[in-house]
Amino acid sequence: NAGVTQTPKFRVLKTGQSMTLLCAQDMNHEYMYWYRQDPGMGLRLIHYSVGEGTTAKGEVPDGYNVSRLKKQNFLLGLESAAPSQTSVYFCASSSPLAGAHYNEQFFGPGTRLTVL
Amino acid sequence: AQRVTQPEKLLSVFKGAPVELKCNYSYSGSPELFWYVQYSRQRLQLLLRHISRESIKGFTADLNKGETSFHLKKPFAQEEDSAMYYCALKGASGTYKYIFGTGTRLKVLA
Chain L
1 NAGVTQTPKF RVLKTGQSMT LLCAQDMNHE YMYWYRQDPG MGLRLIHYSV GEGTTAKGEV
61 PDGYNVSRLK KQNFLLGLES AAPSQTSVYF CASSSPLAGA HYNEQFFGPG TRLTVL
Chain W
1 AQRVTQPEKL LSVFKGAPVE LKCNYSYSGS PELFWYVQYS RQRLQLLLRH ISRESIKGFT
61 ADLNKGETSF HLKKPFAQEE DSAMYYCALK GASGTYKYIF GTGTRLKVLA
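As you go down the protein sequences, you meet chains L and W in turn.
So that you can map any letter, position 55 of the first sequence is 55 in the numbering used here, and since no number is skipped, the others follow by simple counting.
So that you can map any letter, position 107 of the second sequence is 107 in the numbering used here, and since no number is skipped, the others follow by simple counting.
There may be inaccurate statements among the hints.
Said to hold, decoys possible - Cross-link-like lysine-lysine pairs, in silico, DSS-like; alpha carbons within 27 Å at most: (1) W:K90 / L:K71; (2) W:K22 / W:K97; (3) W:K73 / W:K90; (4) L:K57 / L:K70; (5) W:K73 / W:K57; (6) W:K107 / L:K57; (7) L:K70 / W:K90; (8) L:K57 / L:K14; (9) L:K71 / W:K97; (10) W:K22 / W:K73; (11) W:K90 / L:K57; (12) W:K107 / W:K9; (13) W:K97 / L:K70; (14) W:K90 / W:K22; (15) L:K9 / W:K97; (16) W:K9 / W:K73; (17) W:K97 / W:K65.
To be verified - Selected chain W positions facing chain L (in silico; Cβ < 8 Å): (18) K9; (19) S40; (20) R43; (21) K97; (22) G101.
As the list claims (entries may be wrong) - For each label pair, taking beta carbons as the anchor points, the in silico distance ranges come out as: (23) W:K57 / L:S18: 39 to 47 Å; (24) L:N1 / W:P7: 35 to 43 Å; (25) W:S52 / L:D26: 18 to 26 Å.
In short, the hints are calculated from the structure, not lab data.
For every residue, glycine included, the Cβ atom is placed at its ideal position computed from N, Cα and C.
Taking the hints into account, I'd like the entire structure generated from these sequences.
Structural data, given as structure tokens:
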């Protein structure tokens, strides 16, 4: 199992450009999340999804959009990138089903994004 | 408001010394509490959770509902414990969001 993968690993954008970050998981998890990690701010939830075709806003959703067309994929889009979106982005997935990994979040390796 | 507070950004201890990483939470209800760890150049991973009541890599954490705390402890720190530690809270069944603290960087000095 690859677990949670993220594409790309690194990206540099100019202000105003758009891009999509891809998250994929092969654990058949229902829930998927996008976080950003900034120094001194910890992990902040951007958007999340509790199932295919459903998404919801997290703590810091402005400037981002998401889609969950397939259960295994969760896309994060930046329509018009701003320097304030320079961050490390983490995707995570989890399952609410009973078992050893109940409600445990599995994280991807992160995407380091710089917006100039 | 739901909140997780980790008051220390950086904690430095010598090898063999006891470690306590503090975590306080604010939540009206019965949350699940977790500690996640991020070693250098690795992804975040679960260290332990309060419902398991187990010791992982020598670390333990007890949920104190009276003090709304979930401090992470280890009696004898090792150099390989150096990492970023995040305390996280998930609300009761039926809620989906996790709230993370700002993290504490632990440095274990030789």
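Taking the hints in turn, this is what the structure says about them:
no., hint, in the structure
1, W:K90 / L:K71, "22 Å, holds"
2, W:K22 / W:K97, "22 Å, holds"
3, W:K73 / W:K90, "21 Å, holds"
4, L:K57 / L:K70, "18 Å, holds"
5, W:K73 / W:K57, "11 Å, holds"
6, W:K107 / L:K57, "35 Å, violated"
7, L:K70 / W:K90, "25 Å, holds"
8, L:K57 / L:K14, "25 Å, holds"
9, L:K71 / W:K97, "18 Å, holds"
10, W:K22 / W:K73, "9 Å, holds"
11, W:K90 / L:K57, "16 Å, holds"
12, W:K107 / W:K9, "11 Å, holds"
13, W:K97 / L:K70, "20 Å, holds"
14, W:K90 / W:K22, "17 Å, holds"
15, L:K9 / W:K97, "25 Å, holds"
16, W:K9 / W:K73, "16 Å, holds"
17, W:K97 / W:K65, "20 Å, holds"
18, K9, "7 Å, holds"
19, S40, "13 Å, violated"
20, R43, "5 Å, holds"
21, K97, "6 Å, holds"
22, G101, "6 Å, holds"
23, W:K57 / L:S18: 39 to 47 Å, "42 Å, holds"
24, L:N1 / W:P7: 35 to 43 Å, "37 Å, holds"
25, W:S52 / L:D26: 18 to 26 Å, "25 Å, holds"
Going through the hint list in order, the structure does not satisfy hints 6, 19.
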